[in-house]
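Novice: The primary structure of each chain is shown beneath.
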Amino acid sequence: MSDQGQTNDLELLTFRVADQEYSLDIMSVREIRGWTRTTPMPHAPDFMRGVINLRGTVLPVMDLARRLNLPSHETNDRNVIIVVKLQGTLTGLLVDAVSDIVAITEDDLQAPPDISSDPQLSVVRALTVIDDRMIRVLDLSAVVPNTSDEAA
Amino acid sequence: MTLTVLAVDDSRTMRDMIRMALMPAGFTVHLAEDGVHGIEVLGGIAPGDIDAIITDINMPRMDGFGFIDAVREQYDHRATPILVLTTESSPELKMRAREAGATGWIVKPFDPAKLVKALQMVAG
Amino acid sequence: MSEQNDPMAEIRASFFIECEELLEALQDGLQELDEGGDDPETINVVFRAVHSIKGGAGAFGLEALVRFAHRFETVMDEVRGGRMTPDADTMKLFFLAADHVSDLVRACRDEAPIPESTSEELLARLDELLGDEVETEEADASDFTPLGFSMSLDLPDLEPEGSTFEIRFKPEQELFATGNEPATLLRNLCALGEATVRCNSSELPDLEDLAAEAPYIEWNITLKTEAAEAEVRDIFEFVDGLCVLEITSTSPDAGDDVPDVDIDAGIEVPAVLEVVAPSPSQPSAPVSKKSTKDSGEEAGGEPESKKGTAPAAKSVVRVDLERIERLVNLVGELVINQAMLSQSLDQAGLSPHSDAMNGLEEFQRLTRDIQDSVMMIRAQPVKSLFQRMSRIVREASAAVEKDVRLVTEGEATEVDKTVIERLADPLTHMIRNAVDHGLEKSDTRLANGKSRAGTVTLMAAHRSGRVIIEVTDDGAGINRERVFEIAVAKGLVPPDAQLSDGEIDNLLFLPGFSTASQVSALSGRGVGMDVVKTSIQSLGGRITISSEAGKGTKFSISLPLTLAVLDGMVVNVAGETLVLPLNVVVETLSLGPEDVQMLRPGAYVVRVRGGFVPLYDLGVMLGYRAHRKTDAGAIVLLISLDDGSRAALVIDGIQDQRQVVIKGLDDSFYRAPGIAAATILGDGQIALILDPADVIAGMGNPRGADIMLSERKIANE
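Chains as they are written, first to last, in full-length UniProt numbering: chain A, 1 to 152; chain B, 1 to 124; chain C, 1 to 717.
Hints are computed from structural coordinates only; laboratory data are not their basis. Note that beta-carbon positions come from the ideal geometry of N, C-alpha and C, so glycine has one too. All clues stand as given, with none of them false.
Cβ pair distances, simulated, as ranges:
hint	chain 1	residue 1	chain 2	residue 2	range
1	A	D132	C	M340	46 to 54 Å
2	C	D530	A	Q110	45 to 53 Å
3	C	D34	A	Q87	46 to 54 Å
4	C	I377	B	G26	32 to 40 Å
5	A	Q110	C	A399	57 to 65 Å
6	C	M91	B	G26	43 to 51 Å
7	A	H73	C	D501	49 to 57 Å
Chain A extracted, bound-state conformation:
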């Protein structure tokens, strides 16, 4: 890590979903765990893979590819579940594989182009380039729907 502008430092967890690179602020990531079979919830939207047992609590798991309207592959052993915490609630995000943890500064972030018709981009908070690869920084609150409002 560089010693300049510490307050602007940002660490991103990067991962692959449907052959694309995405990332999340590592501060919202609680843990990463291997794929286990989910128990499906009846009548849930198709991006909800179901629930798993996370050390005695019931964790809902979302298929990030389906959530982003990307082609969803069959799950395999390399798939992982990223456990994120949003407003005190834990949610699992199923991704293809975790790549790296990178440190950047806020200056490295670019606003996504304003193509609001692209549903994928509505959940992308910013873009950044690392080693010539474009990485999308996800807006977690847009990815994890506030179901308590919708379902009520």
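Model the placement of chains B and C on the given structure of chain A, informed by the hints.
Specialist: Leaving out everything else, chains B and C in the frame of chain A:
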């Protein structure tokens, strides 16, 4: 000067307050929740080991006046200082407490330091 | 963290808990008085409750609460002293005042705005009761401040200049009877400065005339101090009137300022478990003789009456709820672990008579015992909940100007604490409904030959491992014609639908149904019975309704004893593992080809001992699979529903019957109708726990399929 004190009050909050006021000063505090219980607790402590008693007035089963009466009837405790905790500082109440044999009174809500000081003064 | 280390915050928290208990005692006492109880101890209890709340509130500087409680207490003291006999209106005011104390306590606790205007209004009404007494009262009220105990405090180093006092002190006999001690007083005096004490024993008689406890000695003290005269006098505060005391100052008064003493706020008091356990053998003779029932009166020698003798206090340990939660969770883990262990022993192919299997059985029994014991810790009587409802009845009946009597039964019934907390809202709504819609206006009642006052009955009981709570009113009963009209008007049922009485009653629970055709002060709050039903279901409970025209309506809630465990039947459906509550399963059958009959396309019945029972395929209902051509060979669970009817559920297989630990699903799970909760199986997988009645209701009611679809659509957006 640290003392061993019996505090009798039916309010848990008051008992907590008393305990919190006295324990930091190094006092040993015995607690009871009404007069009857107070007499019982007192019976379990060697008379020489109790330096002073604090009691509430309004309590179930046996009120403060009855309790003081009962304490004073015990030969060993005829001179043990007893402070009455009261929310009113009316002269009549003080007189009644004194008639029952109370040594002094403290008006609730009390200042912890003053309670410590008062006990040290009557039991010194 | 810091809060835990702050003893004041801890005591404050405990004060508010104590307040809840005192408020309960207050309610009980008033109730008893209202019902004509005249035991003097009852009014004492009421008085003490208000008094203790005031005392604690004073300690925390909760002025609004102190002020109100003080006046209320004064009125109660009038009643206690027999100077006031409350009539029905006064009792109503007392209840209002008690409710207001409760509001103030909560406002103080939550640091919410104080309802000042209500305070003022009620204070004015209490003052009216007091009449002329008010003025003296005001003086007293101002007296109730941290007037404290004005002993002199730690003093600064003695300065060369200061005052000199000449003090003459001659104790009288009473001084000794109150535990005061001249030597202590003198020592305290000496601590104020430089004192010269001369003892005047001229009155001391000859030894043979000496009375052991009579005072003969007089002291003359010259005190050089910078303390003020008031401080010197304070030393003699307790013996004022018990001695001859003359204090004369020989130098100008040094002023009256009392130095402040800093109290170290950082002092830690170790958290202490309060264990109260009076010995059973008590009280001793002098105790009962001296006990007084009425502390406001002269201490009488009358022995305590039967009712006045409080039962020996139960041993009570106060424990942080978090610790209990932890224990509950750990026991849950234990149960899961045990399930895993038994699964692996099973797979190891051990003989059921082997030591390991026998040991496992014992282990299961112990686990179950531990679990039951832990659950008991969380159990609380529903009394506090019922008391809250009596307030709701008072407020609701006043708002709609009806005369309503609340009768409660089974207040001692114990239910899991969480269940009690989460029942408050639905019960409140049901009680309001009963008062507002259930009961008729007084003149209508009289015209129909009923009593003027309506009765709402709140009942709790344990019944076959569940808790039953019933809200009954003796009103007009459900106007089914009207209900049906509304349902049709709102498009909930087709106009030509042929519904039974029970089906019409159940329309009340449909989302979107609200009988608030006339919006009153109480209803029309946007909360319908469907919300009540949902909250009951989220507790693993069910609600049913029964009504008889002209006689009244009864809502019956059936709840599990605990939210933590469930006796379940573990079944397979379309490759998934599901759990059904064991108590709904009546029997299991396997289907022969001729057992199933088609009623109409998509609706099947199964013949069970001559009767026909509707048949549902769980796999289809939960969206796990499409309809199969035949259910022949499948296993069927015959389940009983709350209304006494039965249904048959098609499943693929039964795994086991066992106790499962309930894991709640919060709102973020897109919970489908019929999914009550989840559990963790022996292999670590999660299985959903079904509420079969709810699954069927979701299918059976006319809008069931639409509800599922619309919810799915919302979730997809």
